[in-house]
Structure formats: C-alpha cells, structure tokens
Amino acid sequence: MNAMLTDHYAELLGQVMGYAYPNEVEIQWSILIVIYPYLTGLVAGAFILASLMKIFKVKELQPTYRLALLTALAFLIVAPMPLLMHLAQPLRFYEILVTPNPTSAMAMFGFVYAWYLMAVLLIEIWFEWRHDLITLAQTTPSPLKWVYKVLSLFSTDTSPAALAFDAKAIKFITIVGVPSAFLLHGYVGFIFGSVKANPWWASVLMPIAFLMSAIVSGIALVVVVYMVLQGIRKEPIDMPCVDKITSYLFYAVIVDFTLEALDFIHRLYQSEESVNILGHLITQKLFLSLIVMQILLGMVVPLLILVLAKARNFNEELRKLLYFTAAILILIGIFAMRWNVVIGGQLFSKSFRGLLTYKLEMFGIEGFLIALVVLVLPFPILALLIKLLPSRAVVEHAAPVHA
Amino acid sequence: MNERNCGQGSAEGGESRSLSAQDGQPLPQAAQSMSAGEAYISKRRDFIKGAIMFIPAAGALAAAAAESPKADAPKTETPTAETPRQEYNPAEHLYGMGIQIDRCIGCNRCAVACKAENDVPDEPVFFRTWVERYTILRSGEVSVENISGLRKDPVHDERDVIRTFFVPKLCNHCANPPCVQVCPVRATFTTQDGAVIVDSSRCVGCRYCIQACPYGARYLHPKTNTADKCTFCYHRVVKGLQPACVEVCPTQARIFGDLKSKASRLVRFERMNMISVLKPALNTEPKVHYAQLDGEVR
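From first to last, the protein sequence lines are chains A and B.
Using our numbering, you'd call the opening residue of the first sequence number 1 and step up by one each time.
Using our numbering, you'd call the opening residue of the second sequence number 1 and step up by one each time.
A couple of the hints might just be wrong.
List of simulated lysine-lysine pairs, DSSO-like, C-alpha gap at most 30 Å [unchecked claim]:
#1 B:Lys262 / A:Lys285
#2 A:Lys359 / B:Lys223
#3 B:Lys260 / A:Lys285
#4 A:Lys359 / B:Lys152
Going by beta-carbon spacing under 7 Å, a handful of chain B positions derived as facing chain A [what the hints assert, rightly or not]:
#5 Pro184
#6 Gly216
#7 Arg298
Because the hints were derived from the structure by calculation, they are not lab data.
Source: prediction; values computed, not measured.
For each residue, glycine too, the CB sits at the ideal point set by N, CA and C.
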C-alpha cells in the first residue's frame with residue numbers, strides 16, 4: 001500500500017465523528033455517481049417536456065420541441081460515462097449485459113438504457129427529422145451530403161402518405177416514450193430507494209421523488225438551453241413559449257417540493273431508529289447542500305421568482321431575466337438534491353452512531369475536474385447535434401407533422 | 001499431527017504386544033513358590049513391567065482402532081491443510097457461527113489472524129472481521145470503538161461505567177443476503193453450504209453490494225479492485241478446518257459449525273443459549289448468531 005493512500009485513510013479515519021463500522025470509512029459512491037442520476041434526470045425531463053407538446057398538443061411549445069429531443073439525446077449519450085468510469089473494473093462492464101443478475105436493480109441499467117436510446121429516442125428523432133434529412137441530403141454538397149444520406153438511412157420518400165406515417169409514428173413513439181422516460185428515471189430512484197440497509201435512501205417515495213425532480217431539472221435545462229441558443233443566434237426569444245414552459249416548471253417544482261416535504265415530515269413523524277442520526281446528518285453534514293442549496297436556493301427562491309414573474313405584469317426583459325435565474329437556480333438545486341441523496345446517504349454509519357466525511361479530490365478519475373468535464377461534455381455534443389440536425393424545420397411543409 | 005503419532009505408536013506397540021504374550025503367562029506360577037518379601041518385590045516388578053508393557057500396548061490398540069477403519073472408510077481420516085477431504089459435498093453442510101459475547105476478552109487475535117489468513121490490507125479501514133467494544137455509561141451514553149483498529153483509547157471514569165463488553169463482528173452470511181440480491185453480475189453468491197462469497201474474477205467493482213450490506217461487512221479491496229468480505233475461511237472449511245478467527249480464539253467465544261450436523265458444537269450452542277442476530281428487522285436472516293447480545297449493539 002503506498003504511503004499516500006495510507007495517509008488518505010488515516011485522514012478519513014480521523015474525521016469520523018462518533019463510531020462507524022471500519023469498512024464504511026471510505027466513501028464508495030463518489031461525485032460520478034452524483035452526476036449519473038443528474039444526467040439521466042435531465043434526459044427524462046427534457047423528453048417528457050417534448051412529449052407534452054406531442055400528446056397534449058401544446059402549440060406554444062413548438063419552438064422547443066426539437067431542441068428538447070436533441071438535449072435529451074446529448075445527455076443520454078454521456079449518461080453511462082460516469083457509471084463506467086466509476087467501476088473499479090471498467091473492462092468487465094459487459095458482464096452486466098451478458099450475465100445480468102435478474103434480482104439486481106442495477107443489472108437492468110443496460111436494458112433500460114438501450115431501450116430508451118434505441119427504441120424511443122433515436123427512432124423518434126429519426127422520424128421527426130426524416131423529411132429534413134432527405135432535403136438536406138439533396139441540397140448540401142458532399143461529403144456532408146453523404147452523412148445526411150446515411151442518417152436518413154437512404155430513405156427518399158417524401159410523399160404526403162409517407163409524411164403522414166412519420167407523424168403517426170412519432171405520436172406512437174411518444175406514447176411509448178413517456179412511460180419509458182418514467183421508467184428510466186424512476187428506475188434510478190429505485191436503485192437507491194430499494195436499499196433497505198440505508199434509511200436515508202430506503203423510501204418508497206424515492207423513485208417518484210427522482211422522477212419529479214427529473215422533470216423539474218429537464219424543463220429548467222431546456223429553458224436555459226433555449227434562451228442561451230437564441231442569444232447565440234441573436235434571435236428573439238419566443239415569449240409565449242417560455243411563459244408556457246415556466247408555468248409547467250412552476251407546477252413541477254410545486255409537486256417536487258410537496259414530495260420532498262412529505263418524505264421529510266413522514267420520517268420525522270415516524271421517528272424510527274435512524275431519526276437521530278439523520279437529524280445529525282442534516283444539521284452537521286448537509287446543512288449547506290440540503291437546507292441552503294437544495295431547499296432554499298433550489299426550490300423556495302425559484303418558486304418565489306416564478307410566482308413574482310407570473311403575478312406581476314413585468315416587461316419581457318425582466319421576465320426573461322427572472323425565468324433564466326429561476327431555471328439556473330433549479331438546475332443547481334436538483335444537482336444538490338442528487339448530491340444529498342448519493343453522498344448524504346454515505347455520510348452516516350449504518351451503526352447509526354457516527355458521521356463520516358467525503359473528501360472530493362481535485363484530480364484523479366473520481367475528482368472534481370473529471371466530474372466537471374462529464375457535466376459539460378453534453379453541451380458540445382448538443383452543439384454538434386444542433387449543427388447536424390437543425391433545431392428548426394428546414395422544410396416549411398414539415399410543419400403539419402408537428403400539429 | 002494426530003496421524004503421525006498414531007503411526008509411531010503402531011510400530012512400537014506391535015513389538016511390545018508379542019513380548020507381553022511370551023513373558024506374561026508363567027509369572028503367576030513362579031510367584032507362588034516365593035517368600036512374602038520376594039513376592040512383594042516380584043509383584044512390584046511385575047506391576048512396573050506391566051505398566052511399561054501397557055503404555056505401548058495401549059498405543060498399539062489405539063493405532064489398530066485408528067488404522068482399521070482408515071483402510072475401509074476414508075471418511076474418518078483427520079484432514080489437514082495439505083490433504084483435502086475427499087469428495088466434499090457442499091449439500092451435506094450448512095455453516096454458521098455462534099458468538100458468545102461474555103466469553104470475548106477483546107484480545108483481537110481473531111482480527112489479526114483473519115488479516116494474515118486472507119490477505120486483508122493492514123490499514124484500519126479494511127476488515128473481514130473486527131471487534132467492537134461497547135461501554136455503557138451511567139448517563140445512558142454509549143461509547144463504541146473498533147478495538148481492531150483503535151488509534152487512541154478513550155478514557156472513562158470507572159465509576160461512570162455501568163457495563164462494558166466486546167462484540168466480534170463479521171459478515172453474517174445471511175440466508176437472505178441483500179448483497180447477493182443487488183450484485184448486477186452475480187459475482188457474489190451463496191454457496192450450497194451457506195457461505196456468501198465473492199468471485200473476484202467476475203466482480204465489476206460497482207460497490208452496490210457494499211451499499212446494500214447493513215452490517216458494513218464489505219469493502220473494496222485496494223489490490224484486486226473488487227469487493228471483498230469474510231468467506232467463513234471457505235478454503236479452510238471445505239478441508240474440515242476451522243475458520244482462522246475461530247482457530248485462534250483463546251476463549252472459544254466463536255463457535256463455528258455445521259447446522260446440519262446434530263453433533264456439531266454450533267447446534268449445542270444453539271440449544272444452550274438464548275440467541276439473537278444483528279438487525280433482525282431487516283429480515284436478512286443472519287447465520288452468525290450471538291448469545292448474550294446487548295440491545296445496544298447494532
């Protein structure tokens with residue numbers, strides 16, 4: 001054992017408050033496991049926002065429909081990366097797909113992910129962009145022309161019947177897609193919620209709380225991405241669209257807040273064996289990330305901002321600023337929520353007699369810098385996707401498809 | 001060791017038995033024609049002679065007793081680490097451990113032996129087994145330390161202490177193990193004879209099992225980068241040996257045995273004690289059973 005590791009362990013051991021089982025001193029699930037549910041949450045939320053428009057025919061959301069789909073795809077591509085990087089034996093990852101344990105929630109990851117990526121998102125995107133891809137394959141010079149040809153899978157049929165079929169297919173996939181998005185993120189919540197050994201995680205509300213927070217974060221992300229994109233393009237922001245999205249955001253935050261509050265009150269009222277240590281956990285270890293970041297800055301303040309923006313007749317500029325601030329705060333708050341679940345759940349001993357410390361390293365595979373790269377990586381991918389797949393319909397008569 | 005002693009006994013004993021048969025018979029007749037003093041001396045000599053003859057003869061008998069079934073049925077052979085038991089059938093066993101709290105003196109030999117036997121890293125954050133010391137104070141406060149990795153001993157005023165005791169901890173080899181349930185690749189599994197073990201050639205190092213274990217019995221081995229835990233010293237047990245921690249315990253606070261065998265010491269332990277398990281509400285059904293377990297222990 002090298003001296004650095006020995007020092008590291010000694011330091012961790014020195015920071016244990018009270019008593020912890022010795023093997024618990026090293027925190028096992030690091031920042032990468034915080035990022036993983038954050039990314040899948042953004043995927044699920046963005047997709048659900050896109051689906052709202054399709055299923056409930058919310059016309060105002062049209063400008064963000066394609067953007068939401070591309071955002072979901074960009075984040076979904078990156079989502080398995082932190083998981084893979086976190087494995088202590090990453091070269092054996094294929095075993096999860098080849099010999100999965102049917103009783104393991106985690107073993108289902110590969111299948112849920114593959115289903116969502118292959119059977120839902122990619123197919124929906126293909127049908128949505130098919131007409132555009134055909135047009136682009138005809139109008140752009142090579143070699144890009146060939147890229148579009150391949151992306152369109154060499155389809156050339158732009159007859160009204162074919163376009164009508166596209167629309168039908170999209171509708172069908174959306175209907176399958178919404179429960180799939182629920183599955184993708186509800187399942188991530190289940191990974192934590194089903195761990196009976198950990199009272200901070202073990203809650204039947206966990207999948208639902210994860211799902212609602214996913215919707216909240218996904219909607220907030222689309223708002224931010226849309227506003228920034230319009231800024232980059234120097235194009236006006238479609239205010240009815242943003243007003244509508246932020247209304248949904250407001251309701252989603254209310255539901256999410258209610259769920260979190262219910263969970264909290266329930267634990268406090270039931271006052272089980274673990275209640276004391278969880279109390280210490282909140283006040284001594286998670287005060288900043290839970291009370292300040294997640295609840296105050298991530299929920300209460302954005303709610304107040306949104307109420308203010310909706311109740312008063314502010315001008316567009318101020319509304320934009322308020323919406324943008326609220327969305328950014330919500331994104332930070334949901335990240336804090338993931339942190340509080342994943343890291344918080346490991347900061348107390350299962351002996352309920354002590355608190356532990358997580359030290360986020362700067363460098364190294366599980367360090368801050370790598371985590372930052374993984375968090376930022378979806379944005380260049382999104383930029384590439386937007387370049388390749390225009391976020392506004394190329395062909396005007398593609399519009400009826402969205403109706 | 002036993003086997004070797006028996007072998008020596010048989011070589012010497014065979015010879016001495018033939019001597020006693022030759023000399024033994026005429027003795028009573030000769031004794032009749034002697035004086036009382038001579039008879040006494042002769043008797044004493046006979047006794048000493050008899051005693052000298054008896055010891056190797058007993059050795060011979062013992063050797064014969066040990067050897068004759070050995071030839072027909074190999075199952076009574078005393079196994080050693082070098083000679084694995086023939087045809088070990090896991091289905092015939094179900095292992096468990098009994099721990100008598102009031103016998104544990106906190107000498108920590110079990111934890112040391114375990115680290116040596118199983119290549120557990122030296123750092124005090126990796127243990128397959130460890131010993132906790134509980135000190136219950138008059139104020140109701142409970143002070144717990146892992147004496148296997150103790151850095152500094154907390155000092156309590158003796159007058160403040162109500163009771164204190166040691167609790168050896170290890171994997172509970174649950175009949176309903178959450179770690180096995182959550183392992184995504186089936187790298188951790190329950191053997192037919194009841195031990196929960198990890199196949200380190202399959203483990204992907206996701207550490208879900210470590211999270212799922214309510215007893216903190218697992219860790220990620222820094223050399224193999226796979227999950228590691230107590231195996232009940234499976235490599236020893238299948239050879240008929242005791243786990244290392246049980247072997248070295250000077251007070252027999254740990255009792256290892258086969259729950260399927262009626263003659264097992266573990267079954268006797270179960271019969272003679274009030275038994276409890278750790279965290280029964282989690283329904284993990286541990287196979288490590290404690291006697292005299294205090295309610296403060298978690």
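Hints and how they fare:
A hinted pair counts as satisfied when its Cα atoms are at most 30 Å apart, and Lys262 (chain B) with Lys285 (chain A) does not qualify at roughly 51 Å. Proximity of Lys359 (chain A) to Lys223 (chain B) is assessed by CA-CA distance (about 21 Å); at most 30 Å being required, the pair is judged to hold. With a C-alpha separation of about 47 Å, the suggested pairing of Lys260 (chain B) with Lys285 (chain A) is violated against the 30 Å cut-off. Of the supplied pair hints, the one linking Lys359 (chain A) and Lys152 (chain B) holds, its CA atoms being roughly 23 Å apart against a limit of 30 Å.
Interface restraint check: Pro184 (chain B) against chain A, minimum CB-CB distance 4 Å, threshold 7 Å, status holds. Because the smallest distance between the Cβ of Gly216 (chain B) and any Cβ of chain A comes to about 3 Å, under 7 Å, the interface hint for this residue holds. For Arg298 (chain B), the shortest C-beta to C-beta distance to chain A is roughly 5 Å, which falls under 7 Å, so the interface hint holds.
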